[in-house]
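Residue numbers (my numbering), protein chains in the order written: chain L, 1 to 311; chain W, 1 to 835.
Hints are not guaranteed to be accurate.
Claimed, not checked - With a cut-off of at most 20 Å between alpha-carbon atoms, the simulated SDA-like pairs for lysine to any residue come out as follows:
{"no.": "1", "chain 1": "L", "residue 1": "Lys161", "chain 2": "L", "residue 2": "Glu139"}
{"no.": "2", "chain 1": "L", "residue 1": "Lys161", "chain 2": "L", "residue 2": "Glu181"}
{"no.": "3", "chain 1": "W", "residue 1": "Lys268", "chain 2": "L", "residue 2": "Gly289"}
{"no.": "4", "chain 1": "L", "residue 1": "Lys185", "chain 2": "L", "residue 2": "Arg135"}
{"no.": "5", "chain 1": "L", "residue 1": "Lys134", "chain 2": "W", "residue 2": "Asn379"}
{"no.": "6", "chain 1": "W", "residue 1": "Lys268", "chain 2": "L", "residue 2": "Ser51"}
{"no.": "7", "chain 1": "W", "residue 1": "Lys268", "chain 2": "L", "residue 2": "Ala21"}
{"no.": "8", "chain 1": "L", "residue 1": "Lys134", "chain 2": "W", "residue 2": "Gly404"}
{"no.": "9", "chain 1": "W", "residue 1": "Lys374", "chain 2": "W", "residue 2": "Glu413"}
Read the hints as simulated data drawn from the structure, not as lab findings. Just so we're clear, the structure is a prediction, and the values are computed from it rather than from any experiment.
Residues per chain, in single letters:
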Amino acid sequence: MSSVRYAVRHETLYRYSRGVAHSHQQLHLTPRDSERQRCLEHAVSITPQPSMRAEYTDAFGNRVTRVEIDRPHDCLSVVADMQVSLAPRPGIDPRQGESWERVRDRLCYAACARDAAWLEALRFRSESPYVRVKRVFGEFARDCLTPGASVLAGAEALMAKMHREFTYAPGATEIATPLLEVFGKRSGVCQDFAHLMIASLRSVGLAARYVSGYLRTQAPADAARAPAPATSPLQGADASHAWVAVFAPPFGWVQLDPTNNVCVDQDHVALAWGRDFGDVSPLRGVILGGGAHTLGVRVAVQRLEPAGGDA
Amino acid sequence: MADPNQFLYAGSLQRYDELLERDGSMRAHWRPLIEQLSNGGAEAVRRCVEMTRRLIIENGVTYNVYADPQGRDRPWQLDPLPLLIEGREWREIEAGVRQRAQLLNALLADLYGPQRLIVEGLVPAELAFGHPNFLWAAHGIRPPGDTWLQLYAADLARAPDGRWWVLGDRTQTPSGLGYALEDRAIIARVLPGPVSELAVRALAGFFHTLRESLTRLDDAGGPPLAVVLTPGPFNETYFEHAYLARHMGLPLVQGQDLTVRDDTVYLKTLSGLRRVRAIFRRLDDDYCDPLELRADSALGVPGLLGAVRAGRVALANALGSGVLESAAWLGFLPGAAGALLGESLRLPSVATWWCGERPALDYALANLDRLVVKPVFPNQRFEARFGRDLDCAQRAELHARLRGRPYAYVAQERISLSQAPCWGAGAHVRLTPRTLTMRVYAVAGANGYEVMPGGLARIAAEGVVDIVSSQRGGGSKDVWVLAESPASSARPSPASVTAGAAASAAGAGTAGAVGADSQLTSRDTRVDELPSQLVESLYWLGRYSERCEDKARLLRASLATRTQASTWRMARGQCVHYGVLAADGDALETLYDDAEEFGLAADLGRLGWCATQSRSRLSAEHWRSISVMQRHFHEAGASLADPLETLDRLLVSLTALCGFALDDMTQDDGWRLLMLGRRLERTQFLAGLLAARLSSGAPPDQGELEWLLDVGAVSITYRTRHLSTPRLAPVLQLLIFDESSPRALAFQWGAIRQTLAELAQSLGAGPDEQLEEPVARLTALGTAALEEEGEQGAARRQSVAAALAALSAAAGRLCDRLAMRHFSLVDLDLHTVAT
Chain L
1 MSSVRYAVRH ETLYRYSRGV AHSHQQLHLT PRDSERQRCL EHAVSITPQP
51 SMRAEYTDAF GNRVTRVEID RPHDCLSVVA DMQVSLAPRP GIDPRQGESW
101 ERVRDRLCYA ACARDAAWLE ALRFRSESPY VRVKRVFGEF ARDCLTPGAS
151 VLAGAEALMA KMHREFTYAP GATEIATPLL EVFGKRSGVC QDFAHLMIAS
201 LRSVGLAARY VSGYLRTQAP ADAARAPAPA TSPLQGADAS HAWVAVFAPP
251 FGWVQLDPTN NVCVDQDHVA LAWGRDFGDV SPLRGVILGG GAHTLGVRVA
301 VQRLEPAGGD A
Chain W
1 MADPNQFLYA GSLQRYDELL ERDGSMRAHW RPLIEQLSNG GAEAVRRCVE
51 MTRRLIIENG VTYNVYADPQ GRDRPWQLDP LPLLIEGREW REIEAGVRQR
101 AQLLNALLAD LYGPQRLIVE GLVPAELAFG HPNFLWAAHG IRPPGDTWLQ
151 LYAADLARAP DGRWWVLGDR TQTPSGLGYA LEDRAIIARV LPGPVSELAV
201 RALAGFFHTL RESLTRLDDA GGPPLAVVLT PGPFNETYFE HAYLARHMGL
251 PLVQGQDLTV RDDTVYLKTL SGLRRVRAIF RRLDDDYCDP LELRADSALG
301 VPGLLGAVRA GRVALANALG SGVLESAAWL GFLPGAAGAL LGESLRLPSV
351 ATWWCGERPA LDYALANLDR LVVKPVFPNQ RFEARFGRDL DCAQRAELHA
401 RLRGRPYAYV AQERISLSQA PCWGAGAHVR LTPRTLTMRV YAVAGANGYE
451 VMPGGLARIA AEGVVDIVSS QRGGGSKDVW VLAESPASSA RPSPASVTAG
501 AAASAAGAGT AGAVGADSQL TSRDTRVDEL PSQLVESLYW LGRYSERCED
551 KARLLRASLA TRTQASTWRM ARGQCVHYGV LAADGDALET LYDDAEEFGL
601 AADLGRLGWC ATQSRSRLSA EHWRSISVMQ RHFHEAGASL ADPLETLDRL
651 LVSLTALCGF ALDDMTQDDG WRLLMLGRRL ERTQFLAGLL AARLSSGAPP
701 DQGELEWLLD VGAVSITYRT RHLSTPRLAP VLQLLIFDES SPRALAFQWG
751 AIRQTLAELA QSLGAGPDEQ LEEPVARLTA LGTAALEEEG EQGAARRQSV
801 AAALAALSAA AGRLCDRLAM RHFSLVDLDL HTVAT
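Bound-form chain W, shown alone (with noise of 0.2 Å):
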């Protein structure tokens, strides 16, 4: 029996702890919790700390940090241990956010409509149209049912006192949300037991609602279709996005998938365009569309103002509400809701004075040790500062600042984080004090808005106190809201807490979903909406990963006859050219060189880059096993390890991607041109590589030969067949025509004319002749007389050769018509013009 008080700690007396009451003892909500921890003894906890790290690097999960010099992706950091609220308290927080989210949703109608708060003076012109989310050409639109906040985000802190207090308002395109899910679902499986006993209340129906809201914006007829608009991979939370689109079933799309056509969205689809009702948009306001905003956005869609400006597309959130991202909002709530709702605040915020006014900027100047000084707008090159850190100069460049522009800054109270325990890393487990900030999300209703009973917790980085950023290296916690009384925890919810929670940690797709992620995802996901960006990448994945493969069984099989001189001779000549070898350097370095344009890593690289574009459509298995295939390959080549051994593992990862392509998509027509990729890359790959042989002089012999089976993968199938050494002809019989094996150019060319005709149905692509023609005349060659000595047999070779030759050259032509035909709308540049 494990000590009770092993885990306890002792943080700062300065500040509200959340396990520990005034006197040194636990709070008794935490009680349960930590009792059923300590029994489990500190071997359970390093395993619960050592399963939540490794769920996190397999689900991939991930906040990208622009300058990382790590590269585009860095784990997320989640703690073990949950933040535990009580039912009571909740209640409270859930009625002042939901409190909230009405008053600046009421406020937005107000700047974009009649403006009534400025010319009554309640709140300053200055922070509605100096703030550069402040859109004009969005002025006097009124979006669907009034709702220009669709999702709300509350930066909640606790004061010393036990008090919430409101940091900051998140009304643009509120992050985190995924996180929130993916840290409950990763929680719910290291801490089963405690999710279901403790009665903690699910995340499920809030998505319920989002995706009904989103749907719901839809004016009526039609089944309707909302999309999820991404910036794309190199945004910081595009991890989110994905992991939103999937958990909702709705397509992830960017700005290039849509055009406005007559004032109506499209999305650009493989069949076609589709009619868009709805758009949860991850994208800021500003860059939403380069002919009525910001004309050097790339990222937006042109003329998608005036549809939503006609009422034919509804954006959540609506364009221009980032305005209210801005501190200086905060001192000018109180008068708001009063004018707005006719209540008072029920989350007060953190003091703040907004210097534009003369007594709060002179009161500003005198209190600065007690204060930080913050920019008004997202756009001041201004980083926040503490008062009492200044020197004298520092201190007098700000009082110039803050004279010279008293509008653009904000002064606030320092508030002073509640502390929670959290699980150290390393081998030795001991609870630290980290502080706090916790982000609560509202979401808008049928009745008004629901607030997700959970949150993140957002922690410091260790050390540091009162500041929490993901991108300074905090980490977060998962959001515990507890029953008030067994009576209502037992009672069922649409899908459970851990149901759910376990179902999302599976990721949808899997055998695991069953509960929320089958609700959300089976009612009325249509697979004919595939954006065509989408599809482009889902062939390339295809193509990337057959060619990896390819490359690899060249390599491991060339490397296999280097005490073979003259086999070693040939096969190396091919490696060169496949650029898996360098012509004068060696495997080791060439192997992980990714400055090797064509070389095996670089192609890595290029099959990981189509992933991530796919990721919205790949299961989380998919992808775990993709990038946990990336990282041993990148130990590999920190470590110089063996080339043969690291190409073995490669090919076993290969092999099970194949698997996936196989057992674990939808077979719609993405999937199609997914493996139609895959087979017509194999096709170019070992048609020309046979052709290369064939058209130089002599036969091969029989290093080759068996250098030839390895290659193509088919040596384990020759030898149960044919228990004699290898010949030419029934080699070539097995790699060429062998229609039952997998890995033969006849099993690829019959799949890509099926493929061709199930794709003809929906896309009108018919059978490709240039492909018949040199499949025509190998069947007629067939491998007749090609073993014989001599002009005749050199002759027949040389026919063959060329055959081959027609038939890769026919497979690289067909990928080009492809791209052209259905990925032609993706390829063109968006220019913007002015005079």
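Just chain L, with the same shape it has in the complex (with noise of 0.2 Å):
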């Protein structure tokens, strides 16, 4: 196995019915490096031209843009493109994680000095905005949690069971849309499939983390090797994505999709994490005036052909 290369580009349009005076924007586009990824090239571009541009890097280490524009403007594009290359998920066998009880009450306080991972896993066990801790959650994972198991295989266990029992119905939420109905509906998109597989971590006493990025659903140009399966396309295309990364030690963060029922190998290009949605969402604004609006969003993810000695 060896990397693989991608070429993604990001569109967002709005069209404003009235004038925008002024506008704030804070953008989470730019594919953060990590183990497997890097970032080869990245550039954002945006019409109109903004009065102010500055980057910096979040409390989560995601690099974020800020933009302003002051000028009256009535259409607002923002177009991301990025080249990033992934190195295959290292072969691990769940069985040997420590055993999530363990790793629930070594989250909790206990008077004692910790390192930087478990000072890292810590953040991302409370509760947050889009998350919160609630019995129900704890309880539907319960019983992927077997007495013993590791983090990893009951987190699988509750992904399968997420896959099983929720129907992927793009439009039946927003994301304001509380959890409990999303839970109560047993259908939503990805954002509430991750938002409910953390809230269920969470729930119980894990740590895990909100992914935000994009997969690739067309079939590689070098089929023979990966076929994808025709009858079941991977979900989440042509938008943004999100999945979930769950703290199972010895292993560190290992990613999950609980839209598609897959452990994240080499399909999912991510850009930023956080809590949840309100940490690292694409673009998030203010602006002045305006009105009503309309959005259009556009994502591609083209797999480019291994460039010579590509490790």
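Using the hints, put the two standalone chains together into the complex.
Take a look at the structure:
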């Protein structure tokens, strides 16, 4: 197995019914580097020309672009282009991981010192604005977390359960839909699936992150090696995607996609991660004026031919 | 000579009594005050109680309770008898509160920085990361001077053994400071003798430091502009926001008054954008910036965090400081004090067990009877529960809760609060014991934290013990810190106690404002920093004041004609047209019915609202006269008082408002727009009324002319000039063309012209051509031949009527254009959008 390379183009177009007098936008559109992912190139172009544009790294290590437009405008276009390479997921045996009970207990306060990895995990264990910690969410995960099961084995079982019991239904929910409602309806989109899985894990005392990014849904050109099942294309196409990373020592953070019931390997390009959607929404803004608006989003993920000696 | 024991009382022996020793004798430091009060006898005490109550109502000291069926504002409760603290004892409290402010600031620095205490296991990660006020977006930001806490407050209680304990910490937007200051101001007027004789320590110095600490936050260069950011009049402590802003001479602004451009915060003022260097916020952490924090907050300032991160503006307190507002921290503070300060805590906290630790949970479950269980996080829907009050089922339910999410609960020892004597209201003056807590404040000064020598004592509602809450109808007391020795008390402070307090009682900008107030406000207040929203409120205040006056005069003059059938028919029609009479109802019902959209009662409500919005710019008397007027009107409505009598009183008050506007306000651009609002309103009304009458058929008869003079408030002027009965031409001459009569239209358009010219210098607003055209037409027409019978006279009157109608319409259009020109920045809606 070798690295694969992708070119991603993410276009967002807002059209406003009335002029926008002033606009602040915050973009999480720079793919972040991680153990398996390298960002090779990226560029974001914005129309109209922003009056101010700056970057910084947020508390979770994501690159954030801040933009201000101070002239009246009636549409806003943001086009992000990026190229990333992804190394394959190392083979791990879920059964070798630490048991979920042990990890849960170690994530509780015990008046003793911790290392950096555990401090990082603690940041993703509490309730956050979009992810309430509730008994019902914990109970949903209970039969997946058999006594002594490793965190990863339990999380994979939870992911499978969600995939079985929930329907992927674009348009059924919006980002403001409370998680309890999604839970009751048993349907939603990738954000809901990710939030619910995170809520279930946190409600039993484990740590989980929300990962925002893209999914390759097209069969690769060299289909011979990795044929995509034509009958069940991966869901989440033509838009940004979201999934989950669970803290599963000793493997560290392992990414799982509950919308598609797959362990994240080389089909997912990560942009940013945080406690929930609110920390990493690709484009978030406050505008003055504008009236009603329409939104168009297009995402294209294209696999690039291996470039020479790419490992 | 009165009996010195007449006020004495007996409290519970289980509690510490602030007044009495255990053996029932009076504590020495109370003796001079009690003896002096006794000498005055019961009558003097009754006067004190009454005066206190009156001053509170008239100064408009309110505490808003959201769900209060009585309406938005409820008067603040103040007991005239202060809480006395000896100087020696105060030194301990002061040192303890100062240390605690230092400690909590250092703890914030760690939580928003390296998080060393969490790594080392000294504080639980759950408390920080699970707290809704822990803002990850603020992580890594270092405020100027590493000061997260600019203002801090500790709630203290005294245990039966006489020691003071900390019940809780206020680190986000500590409230009550304005009330403490106002309490002192009122008590200094009620008990002026004792305040100076007992050498009560002054509060003024603390407010100097607070103001300086805000303007010091400036990063140098240029005169610093600091503002007070309020969530608005619906907030329960809005009174205090307006009061503090006025007292410190800082603009009071709401979120939409500020804008962030290029990582810099600006105040939208009438004359453009002004850079803001420091914000004293009264807005909760997560509401401050809809771009990065709560997206549904309409109260915040988009981009504020970016400006903070860039170091271009300082917030007091720093964003995210609310994370320390949780009882769960109390048990970890001794350890944190050791690690961060290398000290042990001088003031103990009330014993608290955070159930997130297994042994603490076990202890809590085993000892529920002696404990109170409280939520850890402010967003939990869980009211504190006293273990001993629970029945079996409730106890089981609580057990299940604690076991399910132990980290979300704390158990606290119940503390027996101390009691102090309070004067009960009512005919019979006697002292009754009430339990109390005391809020003490610290501000970050140039040389570390400075503690206010005084505070806000909050007393439990009658019959309630051990729960003190303003929302549950408790009251307050002034706290007197007594000087330790006569020598130190004799030292003149920058503004001596009584002068400073009395001045603030009178409010800024009044004749009595000397000492503290003038020092605070005069130094570097700049008149050009008027938030455009405030200016808009002033403009509307002007319009509604005039509108109410016009309508009240119209109705009163009309009701006076009821005995003359023909005049009454016409007058009644006008009253219906202007909304002061219903087409079919009677005067009594319509007058007091605020559901009548254009009725007088509704307009008075709007006037009150505009006054509330612009309160930080009105003098105490100005404000008081508006609130007294409202109160009288409501009382009249409740008792269905005679309309003519009510209107008489109302007109006296409304005329006084005009006087305040003329004589009691700084004549800056805000004032100019207020006056412009009045003039335009008057023009629109009077020109419209005259036009309506002149356009129809026969010339007005004598009764109608008298009615017109009365509505126009010029009956007396007319009579002194013309001995004869009213005639149309001289009446119109007086109502329209007389430039020397402040009621005449010519006076209005002259004033409008002049005000527009003055505003032009700062705003670029020119003369208004649409207004000039009908003015020129009217002037050309004059009053000639108006009284003639027949076609020619009728045509002449029609021409004048048309010109007047055009004038009225032009005034209305100018109003609209002014709103567009000056207030457009305020009008647009903010939307938060995310993909």
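Hints, one by one, checked against the model:
1. Between lysine 161(L) and glutamate 139(L) the CA atoms are separated by roughly 13 Å; this keeps the pair inside 20 Å, and the hint holds.
2. A distance of roughly 18 Å separates the Cα atoms of lysine 161(L) and glutamate 181(L); the hinted pair therefore holds under the 20 Å criterion.
3. Simply put, lysine 268(W) and glycine 289(L) have alpha-carbon atoms about 17 Å apart, close enough for the 20 Å limit, and the pair holds.
4. For the suggested pair lysine 185(L) and arginine 135(L), the alpha carbons sit about 18 Å apart, so the restraint of at most 20 Å is met.
5. Distance restraint check for lysine 134(L) and asparagine 379(W): the Cα-Cα separation of roughly 14 Å lies within the 20 Å cut-off, and the hinted pair is therefore satisfied.
6. Between the alpha carbons of lysine 268(W) and serine 51(L) the distance comes to roughly 19 Å, so the proposed pair stays at or under 20 Å and holds.
7. Between lysine 268(W) and alanine 21(L) the alpha-carbon distance is near 15 Å, which keeps this suggested pair within the 20 Å criterion.
8. For the proposed pair lysine 134(L) and glycine 404(W), the alpha carbon gap of about 10 Å is at most 20 Å, so the pair holds.
9. For a cut-off of 20 Å, the pair hint linking lysine 374(W) to glutamate 413(W) stands: about 11 Å separates their Cα positions.
Consistency with the previously given hints is maintained throughout, with no hint failing.
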